[in-house]
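A.B. asks: Sequence order for the protein chains is Z and L.
For what it's worth, this note's numbering labels the leading residue of the first sequence as 1, then goes sequentially.
For what it's worth, this note's numbering labels the leading residue of the second sequence as 1, then goes sequentially.
No lab work stands behind these hints: they were computed from the structure.
Take these hints with a grain of salt, some might be off.
With the C-beta cut set under 10 Å, the calculated list includes, among others, these residues of chain L facing chain Z [as the list claims (entries may be wrong)]:
#: 1; residue: VAL33
#: 2; residue: SER93
#: 3; residue: VAL125
#: 4; residue: ILE272
Simulated restraints, written as ranges between beta carbons of each label pair [what the hints assert, rightly or not]:
#: 5; chain 1: Z; residue 1: ALA159; chain 2: L; residue 2: LYS77; range: 48 to 56 Å
#: 6; chain 1: L; residue 1: ARG211; chain 2: Z; residue 2: GLU263; range: 34 to 42 Å
#: 7; chain 1: L; residue 1: THR63; chain 2: Z; residue 2: GLU386; range: 33 to 41 Å
#: 8; chain 1: L; residue 1: ASP160; chain 2: Z; residue 2: GLU221; range: 37 to 45 Å
#: 9; chain 1: Z; residue 1: ALA159; chain 2: L; residue 2: ARG179; range: 40 to 48 Å
#: 10; chain 1: L; residue 1: ALA255; chain 2: Z; residue 2: ARG154; range: 35 to 43 Å
#: 11; chain 1: L; residue 1: HIS258; chain 2: Z; residue 2: GLU263; range: 18 to 26 Å
#: 12; chain 1: L; residue 1: HIS258; chain 2: Z; residue 2: GLY110; range: 35 to 43 Å
#: 13; chain 1: L; residue 1: GLY152; chain 2: Z; residue 2: GLU78; range: 41 to 49 Å
#: 14; chain 1: L; residue 1: HIS258; chain 2: Z; residue 2: GLU151; range: 32 to 40 Å
#: 15; chain 1: L; residue 1: ALA159; chain 2: Z; residue 2: ASP193; range: 38 to 46 Å
Even glycine gets a Cβ: it sits at the ideal position worked out from N, Cα and C.
Protein chains: 2
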Amino acid sequence: MAVESFELTVEALRARRCTKWNKFPETVIPAWVADMDFAVAEPIQQSIMELVKHRDYGYGARTGEVSLEQAFADRMKECFGWEPDPELVQPTSELIQSVYSAIAAFSEPGDGIVIQTPIYPPFLVALDQLNRRLVDNKLRDDGHRFVLDAEGLRRSIDADTKMLLVVNPHNPSGRAYERAELQALGDVAVEHDLVIVADEIHADLVFGERRHIPIATLSPEVAARTITITSATKSFNIPGLRCSVMHFGSPELRARFHTRFPERMMGQVNVIGIDATVAAWRHGQPWLDDVMARLAQNRDRLAQFVKAEMPGVRHYAPEATYLAWLDCRALDLPSSPFEFFLDEACVGLNDGADFGIHGIGHVRLNFATSAPILDEVLNRMAHALEVRAR
Amino acid sequence: MAVESFELTVEALRARRCTKWNKFPETVIPAWVADMDFAVAEPIQQSIMELVKHRDYGYGARTGEVSLEQAFADRMKECFGWEPDPELVQPTSELIQSVYSAIAAFSEPGDGIVIQTPIYPPFLVALDQLNRRLVDNKLRDDGHRFVLDAEGLRRSIDADTKMLLVVNPHNPSGRAYERAELQALGDVAVEHDLVIVADEIHADLVFGERRHIPIATLSPEVAARTITITSATKSFNIPGLRCSVMHFGSPELRARFHTRFPERMMGQVNVIGIDATVAAWRHGQPWLDDVMARLAQNRDRLAQFVKAEMPGVRHYAPEATYLAWLDCRALDLPSSPFEFFLDEACVGLNDGADFGIHGIGHVRLNFATSAPILDEVLNRMAHALEVRAR
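Make the full structure from the sequences, and use the hints.
C.D. replies: Rendered as structure tokens:
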């Protein structure tokens, strides 16, 4: 499939009923929520059209090869050399449901949960709503990139710290952690008997030669305490279809979870979401290869542009994800950078403040779009900064 | 729309990937799980095709008129004169998820939960898995139909009884409770400070002039303690799309629920399920009118047939639902009636034993199918009984 065929025009995007293109007025170009401006892969579309053709919306029979669980296990083995057990999979509608329920199942109110911050906002909301304590393991800026601070982590853990909530690849920094960093995390988890929740939804979106390392592959000790949560919805751009998985690294972990959350308390996944996910995982890679080529171009273009045209903005090109994290604190803007770019550039970004206190003064930019739309976004932002600097 | 147009042939049904037509070997005609052998309404199909045309599978923007919450409120007002508050709606993937979470939120392990038995099996499994106690309020057979036993209910409640789990219209008996019966239930709930969970998923499927009475309309006192759970999936035949609602009768009830189950712990509903449900509730009634005409014919045909051709089988024609509850205890069969009809008649029914101890010796028959298929089911069953009687 040619690159041109999956990139959508502004007109096509506005004809949709998605949140991304409907949150802001039409004068604004959206570059916020993690939805790509690309049409889904043909195998996904075909799997959906097959159901639609037969109006096949009854209780679905999906076992063996066509089951979500088996497709997940096969995909993990093929991509990452990891062999999860299909029997230890709990389907969920989306990762936030998985995060909330894992927190509730494996910790008590008042307990500490480690998070590498800044972080995807719903995790912070989950801690607040469930009355858990944030054990703040801020990513360290080493001058070249953000890195995991294992020493800081060790110091911050106390007796009531029960879980480690790891997002790898990390959102919003775009870091794809190296084995040594993950090993340090795993060691701490084993030392302090922490349950690990590993959000690996961006695993497919690692650039270049690097490959994502599932935390559950580090060692049997780490695997046995790890709940891996993932979905095809991010890399294959079907978030509205709501289909994800939790994988428990041991039968014991799964049994503990089900004591608090029996399987049917988690709801059930719709047949279209299941079939689309299975099609994505089994047949979507050629499409994803094309998408990754576009994303890599956009990533490089953005990094060069920020360096050349946005003086004062700090940015490390992400190793993974289609999200750029822009540190605008040195700009000394009259309002938050989110408000500034929305009001002065008509560009709709994510406000870094939503990612925790270390995100204040930052914005997150979604570059999963066509080159012309990305150029327009960047030019608008640079122009607004230029006008202000005059 | 002519009746013929929504009734599917055996060939079309077998071409699908639904559980109903895939559980048993091809020699068996299935008449079990509550899935209808009818093609969905055109407005539902159109709403899905609109999404498919645009490959519009991103995070969905669904507010106001096109929201699930507003469509639910409007439908309840139009059909039942009930005005639920869209602000007090929690979407869920399906009713079992709602039941599990309501039980966990409003009772503790060991507490008693009242259920009118025999009952839809997952409710009994939920009580078992969550370690709640069944307060068994068996329906009373008055010789003409099953009736609510309010006196028995009063006697069985103790200090640790916390909830009343009402299914109305009732599954499997097909009773659509009258106002006096519901009022008695409501009075008991108020007297004993019970939370009511009202499964009203069969509300659209009441036969004749009768109209479903939502429990939440009985009185403000009853409404304030009632969680109504429902979905368009049953009456509009889209269970695989997974979309349902919980409605809390008061902000206090909702707040209590969300303390234990924050909104995002419940997951999110997929956009296809939402759009299909909104289309069903807003534009599906003409199709449902046709379906109800077919179901009424089938109901009467079945009752006459059982009386004439299946001596020893007790059956009250249901007032609602497309489910027939057949008492086969007097037949003195060598195995359960489920096994007997599966083995000797090649008809796949639901085993009454799954509906609790009072369901032993019964089967549940789903008559939501075309007249020829229903006739084949009934003839096979009668023939098997006849052979045995020789």
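A.B. asks: I'd like to know which numbered hints this structure contradicts. Please list them from smallest to largest.
C.D. replies: Of the numbered hints given earlier, those the structure breaks are 9, 12 and 13, listed in rising order.
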